[in-house]
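**Student:** Letter by letter, the chains look like this.
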Amino acid sequence: MQALTFKRGVHPPDGKELAKDQPIKVIMPKENSELFYPMSQHIGAPCDPLVAVGDHVKVGQKIAESGAFMSSPIFASVSGEVVDIRPMLVPGGAMVKSIVVKNDGKMEEIEGLNEGKDYTTMTNDEILAAIKNAGVVGLGGAGFPTHVKLNPPKDTPIDHILINAAECEPYLTCDYRLMLEEPERIVRGLQIMLKLHPNAKGVIGIEMNKPEAIASMTKACEGIDNITVQPLVTKFPQGSEKHLIYAITKREVKSGALPASAGCIVDNVDTVVAIERAICKGRPLMRRIVTVSGKGIKNPGNYKIRIGMTLRDLVDAIGGFNEENPPVKLIAGGPMMGPTLYTLDVASVKTTSGLLCFTKDEAYIPEERNCIRCGKCVEHCPMGLMPFMLNACAIKGDGEGFVKHHGLDCIECGSCSYECPAKRQLAQSIRATKKIEAGKKAAAAAAARAKAEAEKKAAEAEKK
Amino acid sequence: MANFVVSGTPHVRSKESIQSIMRDVIIALVPATAMGIYYFGLRALILIVAAIVSAVFFEWLYEKITKKPVTISDLSAVVTGLLLAMNLPAAAPIWVPIVGSAFAIIFAKQLFGGLGQNFINPALAGRAFLLASYPTEMTTWTAPTGFSGADAVAVATPLSELKAGTGLSASLGDLVMGNVGGCIGETCAIALIIGGIYLLYKHVISWKIPVIYIATVFILFAVIGRHGVRMPVQEIFAGGVMLGGIFMATDYASSPVTPKGQIIFAIGAGLITYLIRTFGGYPEGVSYSILLMNVCVPLIERFTEPTIFGALPKTKEAK
Chain A
1 MQALTFKRGV HPPDGKELAK DQPIKVIMPK ENSELFYPMS QHIGAPCDPL VAVGDHVKVG
61 QKIAESGAFM SSPIFASVSG EVVDIRPMLV PGGAMVKSIV VKNDGKMEEI EGLNEGKDYT
121 TMTNDEILAA IKNAGVVGLG GAGFPTHVKL NPPKDTPIDH ILINAAECEP YLTCDYRLML
181 EEPERIVRGL QIMLKLHPNA KGVIGIEMNK PEAIASMTKA CEGIDNITVQ PLVTKFPQGS
241 EKHLIYAITK REVKSGALPA SAGCIVDNVD TVVAIERAIC KGRPLMRRIV TVSGKGIKNP
301 GNYKIRIGMT LRDLVDAIGG FNEENPPVKL IAGGPMMGPT LYTLDVASVK TTSGLLCFTK
361 DEAYIPEERN CIRCGKCVEH CPMGLMPFML NACAIKGDGE GFVKHHGLDC IECGSCSYEC
421 PAKRQLAQSI RATKKIEAGK KAAAAAAARA KAEAEKKAAE AEKK
Chain B
1001 MANFVVSGTP HVRSKESIQS IMRDVIIALV PATAMGIYYF GLRALILIVA AIVSAVFFEW
1061 LYEKITKKPV TISDLSAVVT GLLLAMNLPA AAPIWVPIVG SAFAIIFAKQ LFGGLGQNFI
1121 NPALAGRAFL LASYPTEMTT WTAPTGFSGA DAVAVATPLS ELKAGTGLSA SLGDLVMGNV
1181 GGCIGETCAI ALIIGGIYLL YKHVISWKIP VIYIATVFIL FAVIGRHGVR MPVQEIFAGG
1241 VMLGGIFMAT DYASSPVTPK GQIIFAIGAG LITYLIRTFG GYPEGVSYSI LLMNVCVPLI
1301 ERFTEPTIFG ALPKTKEAK
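Chains as they are written, first to last, in this note's numbering: chain A, 1 to 464; chain B, 1001 to 1319.
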């Protein structure tokens, strides 16, 4: 089949050879270690704790929840005592209120766990409720609540469910391993999603640099009419939601719109497996697969961890850093978009897909020089923006110019900085300005709403 | 506890640098430079060395005086010096490249903020300054006698013959190979084209500006011609069309970044070259055509901003 792709983009060296042949290994948290469950591991309203300090919790117990539709509950992944509720560092760099559970090592499970169901006999509402009640969110990185994504507004019919198996970030191999080791579960998860949208067809998009994964998934899809495997050109950011949709359907998601507006639902491989576990196994989201890689770690590989473990516990459990060449930089996620960590004392969350331990030469970032206007950032920007100009606006503090040149449409993929021969921090400056301008926009919208409401009230008062 | 580096994304970068790009431009200029020295002998070599050394020196000097970081290692001053020398007649006195480099580096480049901030091509600005200030030194052409030791004889360039309407004395083969009078680096079209292919292969330049510029010149001379004389092939191989189109008009800082803008820029430069050669006072119009288009770049870019991915349909602004 012809490999599909999007316009522009970059080809960073993929670095996957370090971990790609390492089968997924299960890592259990050590007895007496502390696990941290931050209240916000998803896009949407943060959860409120359902337990108090001193309570005993069991594996699979819902320990935090929110009444909001746009949210996702959190589950204990070990059994033990709640020892504290306090702020804890999460990979994004924020301090988030977290429930701290001391693992008693018994792994006592809560009643009702493991009661799998046959999804074919369930109604759509039951399936959606089960997915919500299992705390499933997008595990590719964004953490968008899956039950919201699977339940788009009625006026936007869905005709494609795309499984994002591009894994375009260099170094990461967790999705790749999952496709080799558990292809039938991915297919079953996709079938559950297709039951919700019977008019849609399922497409699994995999980059061409993973021929074994394409073969494995093609085999698992044999005899299923409404699921196909689509090879994609190996190019970054092929796994960006908008660019995956464009590659497969040739539809452009309009600026500011959600994928559903283009008739598509996109979910990551691990998310689909989480759906399958939630429905068929009756187990909520308590584990995820993390690629630990880079030359600074002794045993690079793919590890199935209990969500909530600190990254320090994970690194200790797999043999620690490479002592001869210790890392100088830690990255949560891939090297193109993952934030750096200044410590290993960070809670793993639902969206932690990787931990990269970069040595001095891997982490080398050359000095920033003058922009020479070579235009390579424009040539490679997958969004068709002019990053050098946005960078100039950012430096000048020209927010108006930044918005006018579509700075808010930046997906922060980092292709511009990757290509820049002057080694400018384009993506970083754009991200920072985006935050400021998005904040201003939200504040202006809120002010406008408040004003409209005040006027309405005044008008009503006058009527009376 | 170890301190880990915290930095903005992405954490991997391409190998390409300003220095590697400039090095590629220098490599691409090697064939034309060698042919220039072959045709015009020791004088050409001296002028080239003087131009490069003085360009680097003035960059260093300016940055020292203004207490800025010294950036001569990025090789951009070497490129400017070399390009300026390519645009000089071999008979020019040695102070000419030195004065030209000083103007190019200090006035055209550094005073506007250094690398990438110059709104016109520094080497061309240097040449234009020299041509306006020292017209005799800048337009005394000699025959390509190489290292033969023969006295340099003044000759007419193919372009001045075309201007005078006296017919070309050089064969097409001599024009393509560069065995004619002219600036040091502009005569050997074939060497310049080889350099251009190298730059395309290395993704340093895109094909748009050189191909469209040269095609525009070709088409205008083929369709309209010079007062009724149509010699488009000779026109593109004579004078600085190849050197200007491949190496000068593609200067990053002074050409548009947008793909559509590059097309407009190249067509505009081709048109002005045609107009100057046909109707202007000078026999050659390449330098001025590029300089004139250089100053239009901000305007061109404003109107050719690319459409973004997922652009909303255009709505008329409410009044």
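If you are wondering where the hints come from, they were derived from the structure by calculation, not from laboratory data. Warning: the hint list may mix true and false statements.
[To be verified] Calculated lysine-lysine pairs in the DSSO-like style (CA-CA distance at most 27 Å, straight line):
id: 1; chain 1: B; residue 1: Lys-1260; chain 2: A; residue 2: Lys-7
id: 2; chain 1: A; residue 1: Lys-132; chain 2: B; residue 2: Lys-1015
id: 3; chain 1: A; residue 1: Lys-117; chain 2: A; residue 2: Lys-62
id: 4; chain 1: B; residue 1: Lys-1067; chain 2: A; residue 2: Lys-62
id: 5; chain 1: A; residue 1: Lys-396; chain 2: A; residue 2: Lys-298
id: 6; chain 1: B; residue 1: Lys-1068; chain 2: A; residue 2: Lys-396
id: 7; chain 1: A; residue 1: Lys-423; chain 2: B; residue 2: Lys-1163
[As the list claims (entries may be wrong)] Where chain B lies over chain A, by a calculated footprint (3+ residues, C-beta under 8 Å):
id: 8; region: 129 to 140
id: 9; region: 247 to 256
id: 10; region: 335 to 346
id: 11; region: 400 to 411
Idealized CB from N, CA, C, for every residue including glycine.
**Student:** None of the hints should be skipped; say for each whether it holds.
**Tutor:** These are the hints, each one checked on the structure:
no.	hint	in the structure
1	Lys-1260/B <-> Lys-7/A	holds (16 Å)
2	Lys-132/A <-> Lys-1015/B	violated (45 Å)
3	Lys-117/A <-> Lys-62/A	holds (19 Å)
4	Lys-1067/B <-> Lys-62/A	violated (63 Å)
5	Lys-396/A <-> Lys-298/A	violated (44 Å)
6	Lys-1068/B <-> Lys-396/A	holds (20 Å)
7	Lys-423/A <-> Lys-1163/B	violated (47 Å)
8	129 to 140	violated (count 0)
9	247 to 256	holds (count 5)
10	335 to 346	holds (count 9)
11	400 to 411	holds (count 3)
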